[in-house]
Amino acid sequence: MADATQNVTLTVNGKTITAAKGTLLIEACKQNGIEIPAFCYYPGLSLQGACRMCLVEIEKMPKMQTACTTPVAEGMVVQTETEKVVQARKSTLEILLANHPLDCPVCDAGGECELQDMTYKYGAGESKFIDIKSHRDEQQWSPVIFYDRPRCILCYRCVRVCGEGMDVWALGIQNRGQGSVIAPNQGGKLDCEDCGECIDICPVGALTSSTYRYKTRPWEMTHTGTVCAHCADGCITTVGVRRSDTGSEIVRCDNRDRSGLNDDFLCGKGRFAFDFASSKERVTTPLIKRDGKFVAATWAEAVELVAARFKKAGASLGVIGSNHTTNEENYLLQKFARTVLRTNHIDHHRTADYPSFARAIASSKAQTASLKDVAAASAVLLIGGNPSEEHPFLAWQLRTAVRQHRQKIYVVNAAPIKLKKQAAHFLQVTSGKEGEFAAAFSGDAAALAHLGVDTARFDPFTAALASESSLLVVFGSELRGAGIDKLVATFAPKGAKFLCLGDYANSRGAADMGLFPDLLPGYQKAENSGLALPQMLDAAAAGTFEALWVVGANPAARHADVNAFAKPFLVVQDMFLTETAQHADVFLPASFAYEKAGTVTNTAGDLQRLKKASDVHGVKPDFEIILRIAEKMGADINALVPFRGYTSADAGQSRGPQSGEADRNAVFTEARGLEAKTSPLDPTITLEEIAQTVPGYAVSRLKLLAGEAQPTTLVQIDPAGIASHSELIVPARNGLYASGTLGGYSETLRAMGATHRAAEPVGAD
Amino acid sequence: MATLVNHPDEVKIVSRRFGQGAANIDRYLELDGYKAVQKALELGPDGIIAEMKASNLRGRGGAGFPTGLKWSFVPKESAKPKYVLCNGDESEPGTCKDRLIFEHDPHSVIEGAMIAAIAVGSHAAYIYIRGEYRYLLEIMQKAIADAYAKGFAGKNIFGSGYDLEVYWHGGAGAYEVGEESALMESLEGKRGVPRIRPPFPAVVGLWGGPTVINNAETLASVPHVLLMGGKAYAEVGVERNGGTRLFSLSGHLARPGVYELPLGYSLRKAIYEVGGGVANGRQLKAVVPGGSSTPCLKADEIDIALDFDSTMKAGTMLGSGGIVVLDDQTCIVKFALRTIQFYRHESCGWCIPCREGTDWLQKSLKRFHAGGGVAKDIDNIRYLAENMLGRTFCPLGDAAAMPILGFVKKFREEFEAHLDGRPCPFGQHDAPHALPVLSH
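Line by line, the protein sequences are chains A and B.
Numbered continuously in this note's numbering, the first sequence closes out at residue 765.
Numbered continuously in this note's numbering, the second sequence closes out at residue 440.
This is chain A alone, in the form it adopts within the complex (with noise of 0.2 Å):
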């Protein structure tokens, strides 16, 4: 372990470098710029000593020494790159293509290989050797991953980063020898959750996945770093894409460029359920429903009628938005209906108590946590939730922690969830009690008595709890309303810092944006409550709303009236005909959270923005579709978006502003105090009026358009008169295989979760 607090000072190729000591020498010299070669070397896994590739000589040893296992010394002589070493690294990958099937114009890692790139800068010109190479067939372990003998190593990152990294344990190696070979551990199939880490840290093409394999050149493809559309985590995912004939075709989804907070991390929806972006069941074309059946129309006809017969139902109407949606869309969205539809009956599906959370914590004066704090946070308290099949992200957080810094994380649960294994402190409580931990801690006996806990397990729990000098508390949906605002009390005063989680990419952003009958944006009380979701639907079933308007949601799947749906007029704006689109009078096709620009909000409050990567012709950016609609309505353009530079509000062509070109432009004109002149069609004008109006959200924009996360916060937020309505809460509860109603349309999704789970919950939204 490196120890900061001491240095030591070697000589390197001549050169005198300082490191921490303890620090091992392959990373003490590419923190000086001196890259030493390694194929089974991998920051934060184990040490292996095994590809023999980082060689290097070091003074007074007679035998040249593995760089990756060596901790820099004092006065420590080191040459890298002697004649001696170089002849090592190019024996090695001599003999390592021998057996090679140098099949690399067909391998996916072509371009992309290690093993590649070592060759070219190390390896011989031509083969020593005649004899035949060693082949063994290629295998599939699971619906996504697929081995092939021949090209891999054997650097057994796959098997690290499958038990260190995951805890999942599924890989191991087989035989000895030249027999070796990485196999399941459990007959020949994985017995795991099909993250897909392991093909992602091969170097080489040994492990592929079916999304991917065979179906382009990296070069083909343009990457392009945007926020995952599934859990709330908000992992940066660097989406490939290729053209086709729709438009673009997504065709990969990984983080090897760690260009997140979630490093090279993704889990298998992350990395793998992309595919519904190209669906065939997916719509490119507004509908309009005519005599019971849809009909394709044009945009302008769609848009025509919609505005119509929004003009017509007035405050008569009903919005529910979406959890998947941009901040710009949500905030644009209840703009739209209470300044242009002049109602407040707006809502969203809730899957976690925000506006109790923003209450809790604006008067306790507390500070909640950055996504970021949970990997440095010393003690954990994880109160409720279940992070390994929610919050994948959070929960490899949390292992790395403890495996590298020894965090403790004592967890409050009803169930005796994965990270038990991991916890200092396990506490099982009595379901739906979760929220009294607080209470119980604080000595009250009867919500002790409630937690169906006895002192003998809970004193000792409590006692090292309370001997944690910095805190973190984690807590999941279980714990809404009066439960948060005693948990934020009684830790706030230590220092705690707090997170609470939702379920969606952008649930926090759409409670943050007011997507609330009685909140507006920042959790600002409105002065006349609209209905909730329920009550809306309710009303909408009796045929008291003219008209319901849907965008991104599928409300259908949650509730059984179907009248809710069929009897006003529905306009829904999605990507596939969902339940609730099914009953639609008029369907209009939305671009996927990968076709659009935008920020998005973390269950943690991080603001990340959502870059355009793909394309898919006919459709349009939620943001699009509501200004178009307002603009047909006869709305005041300028005034939904505030845009600057145009004569008129003529809204233009939309590819411009969605692209990377506006991304980029705003980052110079940002950066240099520019005024850009901006279409309304660009988010960017009504995130610059979140910043202003949304308490918190006043972040850094040049480091939010540079790529970095920006925690925003709830501590100025007014909690007076945020009401809870624990009731309204439904968690959705997805799991690793499972992705609400769109997760629903992958296909691959489908197949990993047929393959490892027997049966999951989908139907939310």
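No lab work stands behind these hints: they were computed from the structure.
Some hints here could point you the wrong way.
Below, in silico cross-link-like pairs of lysine-lysine (BS3-like), each with a Cα-Cα straight-line distance of 27 Å or less [claimed, not checked]:
(1) Lys76/B x Lys21/A
(2) Lys433/A x Lys421/A
(3) Lys334/B x Lys421/A
(4) Lys334/B x Lys128/A
(5) Lys84/A x Lys409/B
(6) Lys376/B x Lys84/A
(7) Lys84/A x Lys313/B
(8) Lys189/A x Lys313/B
(9) Lys376/B x Lys121/A
(10) Lys133/A x Lys376/B
(11) Lys133/A x Lys334/B
(12) Lys418/A x Lys190/B
Note that this is a predicted model, so its numbers are computed, not measured.
Dock chain B against chain A, hints included.
Just chain B, lined up with the frame of chain A:
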């Protein structure tokens, strides 16, 4: 059961109880058994280590590290339990000495391990026996049970107040596990793959505790060192090479067998006098002096003393004391192929140079010996071996590379004689139809 051999030049110390029924604990006691461990309890750790250092006893497994020095590396204070581990995974081709000790004198190993434990303050000793030595494991199991029955092992040994548990463990059949860190992995129930070193076992060993690992012959010698006194033991051998070794003489000899000779004994005499010379009236071509991993010596290079330093000076190693004699009718290429077949089979596969290097050496040599050799093969074989040497994760890679290098360097003309489709001069071709179609 192996047949025992004798020669007047032998100095029987480790083998003094061979053939005398000493596997029986009562017989062992009649032959001075368990006296040394009681002496050790009186001497205490510092006294034992002083005797061991004076004895110049060096590790009999092959590396020849001074035993007393090794024991002195174990920290006196340790938060984790300390262990003694007997390496009885004798697998080096040409070596068959430990099996005789286990068969004829198992208690000497137990006693030696106990003395080592007392010396380093350990309360648990493990005796690991090669998987294929199943019949010897039974002898060892009985010996340990007998020692417990007499109160020599377990709680309060010999009424000294010192607790010392002795355990046996049978391997699963891997040469690699003879490497001390792989041995620990195997004992812990993991794959037999070596560990990263440092840390060395004396500091971080079995289950993380400081661990002394000694070869079975080394431990069997330890009671004799204490009974004779370190100085007297040292005087049996030569400078810096104390005592005797069990030399396994095999190959084309008139009288093969395991002989105990003092260190520093002449290799020539070992072959021509002790071993009875080359069998069937043939001439000596080469000798492998210390187990299959040591570079061979040609017939004119055998005037050297059998001790660690002299063999090193001669460009080879004393190794495990397995002396393999090759007569003039032996095909060196075939011998090289047989040698590499062993190492390829036994490579654990952990690191690239050993896993791939042994494989390509075998592929090349197999084709070469079968008559499919091309001129560049000879240099390629040498290149492969040279590039394994000193670069592998553990010494197995060196063990595979060193003999091959020796063969190519010293018998290049024999390799050349196989070229251009010529039949093996010694008439031991493999089936030519097994050859792949190759382009030059």
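Here's how the hints hold up against the structure:
Between Lys76/B and Lys21/A, the direct Cα distance comes to roughly 26 Å. Compliance with the 27 Å bound is thereby established for this hinted pair. Taking the CA atoms of Lys433/A and Lys421/A, the gap is about 22 Å. The hint holds against a cut of 27 Å. Proposed proximity of Lys334/B and Lys421/A is contradicted: the alpha carbons are some 55 Å apart, above 27 Å. Taken as a hint, the Lys334/B and Lys128/A pair is honoured in the structure, with Cα atoms around 22 Å apart against an allowance of 27 Å.
Of the supplied pair hints, the one linking Lys84/A and Lys409/B holds, its CA atoms being roughly 21 Å apart against a limit of 27 Å. Distance hint between Lys376/B and Lys84/A is fulfilled; the C-alpha atoms sit about 22 Å from each other, no more than 27 Å. Of the pairs offered as hints, the one joining Lys84/A and Lys313/B holds, with about 25 Å between alpha carbons and a cut-off of 27 Å not exceeded. Annotation: proposed proximity of Lys189/A to Lys313/B is violated, straight-line Cα distance about 55 Å (limit 27 Å).
Taking the CA atoms of Lys376/B and Lys121/A, the gap is near 25 Å; set against the 27 Å cutoff, the hint holds. Between Lys133/A and Lys376/B the alpha-carbon distance is near 18 Å, which keeps this suggested pair within the 27 Å criterion. Our distance criterion of 27 Å between C-alpha atoms is met by Lys133/A and Lys334/B, whose separation comes to about 22 Å. Distance restraint check for Lys418/A and Lys190/B: the Cα-Cα separation of roughly 25 Å lies within the 27 Å cut-off, and the hinted pair is therefore satisfied.
Comparing the model with each earlier hint shows violations of hints 3, 8; every other hint is respected.
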